[in-house]
Each structure stands twice: as structure tokens, then as C-alpha cells.
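Chains as they are written, first to last, in the working numbering: chain A, 408 to 577; chain H, 43 to 354; chain Z, 807 to 1235.
It should be emphasised that the hints constitute simulated quantities derived from the structure, not laboratory data. Misleading hints may appear alongside valid ones.
To be verified - The calculated lysine-lysine pairs, modelled on BS3-like cross-linking and capped at a C-alpha distance of 27 Å, are:
(1) Z:Lys1147 x A:Lys563
(2) A:Lys510 x Z:Lys1147
(3) A:Lys522 x Z:Lys1176
(4) A:Lys510 x Z:Lys1087
(5) H:Lys329 x H:Lys284
(6) A:Lys563 x Z:Lys997
(7) A:Lys510 x Z:Lys1084
(8) Z:Lys1084 x H:Lys96
(9) Z:Lys1081 x A:Lys563
This is what each chain is made of:
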Amino acid sequence: MKFMEPKVSFSEETLKLSEKIISHYPEGRQKSALIPILHLAQAEFGGWLSVEAMDYVAGLLKLKPIEIYEVATFYTMYNLKPTGKCVIEVCRTGPCWLMGAEKIIEHLEKKLGIKAGETTTDGKFTLKVTECLAACGNSPVIQIGEKYYVNMDVEKADNLIQNLNEGMRV
Amino acid sequence: MVKVTIDNIDVEVEEGTTILNAARKIGGKIVPPAMCYYSKLAGSGGKCRTCLVKVTQGSDKDPRPMPKLVASCSTPVQNGMIVQNITSPEVLETRKAIVEFLLLNHPLDCPVCDQAGECDLQDLSYNHGSSLTRTEEPRRTFEMIDVGSKIKLHMNRCILCYRCVYTADQITDKRVHGVLERGDRCEIGTYIKNVIDNDFSGNIIDVCPVGALTDMTFRFKSRVWFTNPYDAHRACPKCSGKVVIWLSGNKILRVTGRKDEYGEVEEFICNECRFDKKEMSDWIVEKPRKIKRNSVISQNHYELINKYGSHG
Amino acid sequence: MSIKILFENIDVDGIDSFEVYRKLGGYNSVEKALKNMSPEDIVEEVKKSGLRGRGGAGFPTGMKWSFIDKAPGKSHYLIYNADESEPGTFKDRHLMQYNPHLLIEGLILSCYAIRSNTSYIYIRGELMYVMRILEKAIEEAYANGFLGKNILGTDFSLDIYCHPGAAAYICGEETGLIESLEGKRGNPRLKPPFPALNGLFGFPTIINNVETLATVPWIINNGGEQYAKIGIGKSTGTKLISACGHINKPGVYEIELGLSVEEFIYSDEYCGGIKNGKKLKAVVAGGSSVPILPAELILKTAKGEPRLLSYESLSEGGFETGTMLGSGGFIVMDEDTSIVKNLLTFTRFYRHESCGQCSPCREGTAWMEKILNRIVEGKGNEKDIDLLMDIANNIEGNTICPLGDAAAWPVQSAIKHFRDEFLIKPEIV
Ligand SMILES: Cc1cc2nc3c(=O)[nH]c(=O)nc-3n(C[C@H](O)[C@H](O)[C@H](O)COP(=O)(O)O)c2cc1C
Ligand code: SF4
Ligand code: SF4
Ligand code: FES
Ligand code: FES
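I would like the entire structure built from these sequences, with the hints used as guidance.
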């Protein structure tokens, strides 16, 4: 039988980390590790989950590929399409909306020349809207990567993007 | 054994029996409609909410009524429980609302649907729905997809009962389709172009309560009410070989499992019987099959739609 | 200053480190419990305290613990619900971020009480940075002998793991959470069976909110009776209220249950009044799902009594004129707020977060959002409002899990109290 190398695979280090995660759950319950490991996969494989990436995770956890697709499409944090280098997520729910989130979203759409959900043609930014991030006391809130940017307004959001843009070499 | 009363009729059933199955033991009009529950599929039920009933007395021990309507397909009976189905106006009103929800995004393309005449949703809306539609919003639409060369998926018609997913999980060893996305974006799919293909995959057609999964080998497309169903069997190495063949003249248009009055197959059949044995010589014909369901076929209803509403 | 149970030391520099935390008496309750108390004693103290679940439902914690099937030889799990995703609620994040050891201390006591040797902290995926803080604290607790095998030389062992979600509000619902923890879609399970009999991996499981369990150390240190003296009536103790919206001082406040809403909104110790000197229009007092109340009904009950921050007072008047304490997410709206637009963001939220399993919630939330969109665009009419109300009524009570109700209540209450606003034409900008 021909042996097919998977097209993607974890680095040594990530592989160790995923083994550690799997060990948190009882024998035979390795499926429990799926959500954390998809986070690792998304981080390692360029910020999104390709079919190859998901199939690789299926192999790692001895699951059927459909079990991964079902889960990956359920949870909003997984990107199933390539994203820009920087993913800007603006919260749009009630408390943030009360404090002006809508204006920020409109402004960023204009500034970046894209609609929420899209990526700039230079591949630098993806703009997303998101639901409440549990930081409503500091609304409006923007999340980029793991970091929260709080008490935003149009001007601050504008500066934030400006700085990110300048700091980004393409 | 425990005693339960449904719509004023007493019945004794084994402990652990659901209200729905107790009602089926009584039979007739008082049986709640079930669009997602399937007795042969573990974990099924609870989702469509068409089977909601009212429990006016929890049990002899604890006679308090249950605070909300409960899904009869997944609520076990207690000794002394009193249930109302068709005797409760609240249940009937709610059922109407549920039918409305189920039809909200349904294309209502019965005239061109292969399932017309044997569709649980059609029967349900005929018996429990309201004739007015209150929605003016556009419906969700999906592309039709072929999952392999034998099965077609019309996602527009799907009511997300999950039966086909449980079927693929429980009677085949290779599930490749499932429920994708979340909330109102949910859809049945394979995610990547994938073929649903193994010996028993065709059963997902039989368990589907609507025309979302259909048999592409159904020959010479015909409305089911123009076909004659017969029980037939063959010696099959893979399954029981007990099927229903649907005839037009002496041509076999399609082969399905044998369904009981609740639309459930008696036994799952293999793909060879279903898709490949379309000659009379393949089968030993037993007798005409009585279709017991409360079907609308006889009411000329859909022939009218066919005449005036069809575009295909 | 009122009594602080959870926030006593939250401002102390370095309180997130084991060293500082321990120096200030942290983990004393674990020593006391493991050496001098049986698991039953702990359950008893918590029962006496009258502590009620702080995740939204307000179920008595001690009673919940006594339901668990304690058959020996079986695994038991305790899950820490740190999914905090109800709009307006951000108290658990605050607590975890600034005082992580308090949670671990509470978790050890609670696991001991139900004889659980494994616990998972299910934390929403967006809070990765908070998870790292917790993981560091867990590591320190292991290093100092408060976690792991034979804690403090007793025969009690406990492992704690953090498990991130990936953005799905429904995973805050107990059984959706369990499904998610098993690596599946977060579709809530049908109940019965209840998790206390058949939960994670099929074993008896207890799920508690972060704030709930963080209260247990104080109860063990000071006694349940002492705790029950704080608060008002059956609303014992303190509660974290996360306040946001049009107020001068948004943030998380620990209040003694029974504080008046008026004092909470207007006193400088708490929200500091409405921003820019505006008038109060409405409040959503317990997270986005609870009924919205107009100013006059949130400050005073229909009977004219002052409304208090307690389970009973907030629900005084039922859903006709009252609301719920819920998760303590307190959203304040000033006189310029469009109730309908705010409602649209909530309905969109529930539509977006519905798991899609059952038809009333999957179809109904999407339908309501479409109608609200039309109304907000100025294209609605009287019939749309009635239809909206009807849809909400048809969802409520007819779904698998309470998300359906949570989606219906904001719609019903907004129509009930602010019906006139639904047909105001939008300002031309
Ligand atoms: C849709 C939904 C979302 C929920 N989200 C949370 C949550 O984020 N955090 C939480 O502690 N409880 C949440 N709950 C409540 C939990 O189901 C559960 O009641 C709670 O965690 C129990 O803990 P407690 O008794 O300590 O409050 C949610 C409930 C529902 C129905
Ligand atoms: S395709 Fe048919 S069987 Fe499958 S979920 Fe949809 S309606 Fe149910
Ligand atoms: S009520 Fe909504 S979230 Fe809950 S199970 Fe049903 S569809 Fe899922
Ligand atoms: S609404 Fe934006 S963080 Fe809560
Ligand atoms: S048959 Fe009971 S909920 Fe669908």
C-alpha cells in the first residue's frame, strides 16, 4: 500500500503539547481534546483550518473527518477560509452597541474598504464582527488575537489600525 | 408495568416507556406526530417539537402537573401519569406553531418533490397546520447536491431531524455526512465533496421524513400515488432482503424498506437491494402493500396542486 | 463600606501569585476542611449558608451537591463553568483575571465535598489570556501541594485542567457544555437524565458557576450561618454585579444582596449616576435574557416599594412588572436609547448563538430578527409587532434548553413596556 504523507503536520513541540492535552482526558476519550487541538492547528497552519489541517487533526485523534468538520463549523472562533495577517474583531452586541460600536464598525469598513467578514486585497486585515466578549464594562471592545482593546471610539480604533498597519511588513 | 392515561384512555406499559410509545400502544388519533424521533435510532427525538403534549398529572406519587409541554418522544411515563394530546387546545395550538416554524424555510415545492404523497411534513401540515402563511421574508436556499451517484440532497427541504445522521452513525461504519454550521445556518452536508457510499447508506433516504434525501435511481419519475407498492423479498447475503417494490405496470420504479404506520422501516435494507435490483426477476413478490399512513394521497389534494401549481 | 467576600483582596498587588495570596490567608479553608471536616460537613455548611448559584438560575448550591450520585468506585466530575457569554455579564472574567487562586481554593473545597478527583475549568475560547493566568495559578497550587496526589498528606487527590471553548454561548448551558467538553458540537442534551446522575463521559457531574464556587472558601472559614446573616431573606450573601451602559462608573461591584437599585445606580460607591447627566430610561438587570424594565419599574416595584438587588425583589411582579437577578449583568440605558435597536442586537445574538437543534429556537430567532430589522428600517406595522409577540410566545417554553426562553423574554418585555417605540420612524441621518 502506498503511504501518503499528510500535507500538513504539527511541529515536534506542538505535537508534544497536543499529547499533553490528550492526557487530560480519560483513556478512549481523546475526542475531548478536539477543541483545544483545533486551536493549536489554527495557530500553526496560518490562522485558518483547511480541509488538510482538519483531516490531519482527525488522524491525530483517530476520528472521522466529518466529526472535525461538524465541530469546526459550529464554533465561531475557527476560520474556515484564509484570513488576513491581522484579524480585527469588533463586538456588536447590546452593551457595545450602546456605546457606539456601530460607528466603529462603519468607520473601519470605510477605512479598510471592505465589509465585515471580508479581507483586504493586500491580505493585511480581516474585519469581523463578533458577539459579546465579556468586557462590556469597557465597551466598545475590539479583539485582535488574544488581546482586548477596550474603551474604543472611532479615533482610537483608527489609530490602532494605523499603528498595526505601520508595524506590519508585507 | 405502569399505568398511564392519555386523552382519557388508560394503557399499561413497561417502566421506562416514553409517552409517545405508550400512545402508539393505544394507537389511532391520539398518537402525537413525530418528525424526528425514530424508535430504531438511539438518541433520536426531542428536536422537532411536534410531539409536545401536556402532562396534567406527573404521577400517583407526585400528582403535580408538569410546568411546560413536554416532548412525548423523550419523556418516560410514570405510574398514574395523565397526559393530554388532542384533548388539549393548548397542545393543538402549539403544534400549529411548530408546523409554522418547520415550514418557515421550506420551499413548498411539493408539486416537483419526489416525496409528495408520502411526506410526513405534508401530512403534518395538512392535519395540524394553518392554511395561512404569516411570513414575507425570503426563505433560505441551498444548492442541490449529489452525494454519490445514488442519493440526492435537497437541503432546502430538510427539517434537521438528524435521523439520517444517526442512521449513518449507527448502521454504517463510515459516516461521511453530518450537521454543519450552527443555528439558522445549520445544514446537512459532507463539507467537502464526498460520496456517501457503503452497503447501508441508502437507508438515509427511508428515514428522511421529507423529500430532502431522495433516490436518484427512482426510474421513470412518477408520482407515488400512481405506483403500486408490493411486499417482496429475495435471498440477500447482506440484509433481510425484505422490501417494498413500487411498480408501474410490471416495471420496478424503486425499492424501499417496509415502513410501518408511523413511517418507520421495519428493517434496514442494503444498497444492492435498493439500488441495483430493479428487475421483476430479482424478486419474489408477496402481496400488495397496504400503506397505512394517514396519507393525503387519497384526497386528490396533490393532483390538484400538480395540475395548477407545478412547474415541472 | 459594605462587606467584601470575593473582592476582599482583589486590589492587593500580586494577589494573583500564590505567595501573596497564601500570606493573606489564602488556602486556609483547604487546610481546615481536609483536616477537620468530612465532605458531608462541607455540603452541610454550604446548605446552611443559603448560597444560590450565581450562573443565572439561582439554584441552591448545597442542595445541588446533595443530588449527585455518590456511588463509590464511580468517577465524579466537577465542572467550573467559566464560559461567561451572556451579554452584559463580565464578573467571572474579572474574578479569574485578578484573583485566580480564589477560584482554585473554591474548586478544591467543592471537589472534596462531592468526592471528585478530576475537575475541568471550561473557559470561553476568547479568554485565552485569562486561561493562561489560571494555568499559572494551577501550576503554583500543584507546586505547593494543594493540587495533585494526596493533598496536604490526606488521601484526597485532585487534578484540575483548563479546557477552552471556541466561541459558542450555548456551551454555557450545562449539557451543551458537557457535549463541548466531549469534543462535540455544543448541542444541549435532553433532560432527564440530569448531569448529576449522568453527565460528563456518562458519570455523575456537577456544574457550577465561577462566582458560586469562589464563595465557598469564605463559607468554610467563617461558617454557613455567618454567611446566611449577610444579605436579605433567601438572597443570602453578596453578589457580583457587572454594570455597563450609560453610567459614569461601569465595572464589577460586589454588593450585599438587598442593596437598593436606586443606590446602586446613583451612588458614587457604585455606578455613579447616568452619564452626561441624562435621565434613566431602562435597565436590563440580569444579563441580556432577562426582561427589560422601564426606569419607574426598575427603581420601584409596581406596589411602589423600592426595588432591591435580590432574587426576590427583582422578580417581584413576575414578568408583568418584574424581571430577574439572572447573572448580574446590569445594562443601563439613558433617555436617548432606542429600545428597539438594542433589542435587535439581542435578538441577533440569540439567533447567532442558537445551536439550531430544535425548530422553535432555530427558526423563531431568525424570524424575529428579520422582522425587527424591518421595523428598525421603518418598514414595520402594527401587525408586525403582534406577530413578533406571537413568535416569542411560541418559542417560550417549547424548546430543548432555556436559550429559547432567553431569546423570547427580551422581545416580550420590550413590546410590553415600550410598544409605542416600535413604530417610530427612524431619524433620517
Ligand atoms: C444558554 C445558556 C447559557 C448559559 N451560560 C452560562 C455561563 O456562561 N456561565 C454560567 O455560569 N452559567 C451559564 N448558564 C447557566 C448554567 O446552565 C448553569 O445553570 C450554571 O452554570 C450552574 O451553576 P450555578 O448553579 O453555580 O449557577 C447558561 C445557561 C443557559 C441556558
Ligand atoms: S436530510 Fe432528511 S433525514 Fe436528514 S436531517 Fe434533513 S430531514 Fe432529517
Ligand atoms: S433552545 Fe435553541 S439553543 Fe437550546 S437546544 Fe433548542 S435550538 Fe439549541
Ligand atoms: S457587548 Fe461587547 S463586550 Fe459585551
Ligand atoms: S418527535 Fe418528539 S421532538 Fe421530534
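Hint check:
1. For the proposed pair Lys1147 of chain Z and Lys563 of chain A, the alpha carbon gap of about 24 Å is at most 27 Å, so the pair holds.
2. Note on Lys510 of chain A and Lys1147 of chain Z: the hinted pairing holds, with a Cα-Cα distance of about 14 Å set against a maximum of 27 Å.
3. In summary, the hint linking Lys522 of chain A to Lys1176 of chain Z is supported, as the alpha carbons are separated by about 20 Å, within the 27 Å threshold.
4. About 22 Å separates the Cα atoms of Lys510 of chain A and Lys1087 of chain Z, which keeps this hinted pair within 27 Å; it holds.
5. Between Lys329 of chain H and Lys284 of chain H, the direct Cα distance comes to roughly 12 Å. Compliance with the 27 Å bound is thereby established for this hinted pair.
6. Restraint check: the Cα-Cα separation between Lys563 of chain A and Lys997 of chain Z comes to about 47 Å, which exceeds 27 Å; the hinted pair is violated.
7. Taking the CA atoms of Lys510 of chain A and Lys1084 of chain Z, the gap is near 21 Å; set against the 27 Å cutoff, the hint holds.
8. The suggested pairing of Lys1084 of chain Z with Lys96 of chain H is violated, with an alpha-carbon distance near 49 Å, which exceeds 27 Å.
9. Distance restraint check for Lys1081 of chain Z and Lys563 of chain A: the Cα-Cα separation of roughly 20 Å lies within the 27 Å cut-off, and the hinted pair is therefore satisfied.
Taken one by one, the earlier hints fail for this structure at numbers 6 and 8, listed in ascending order.
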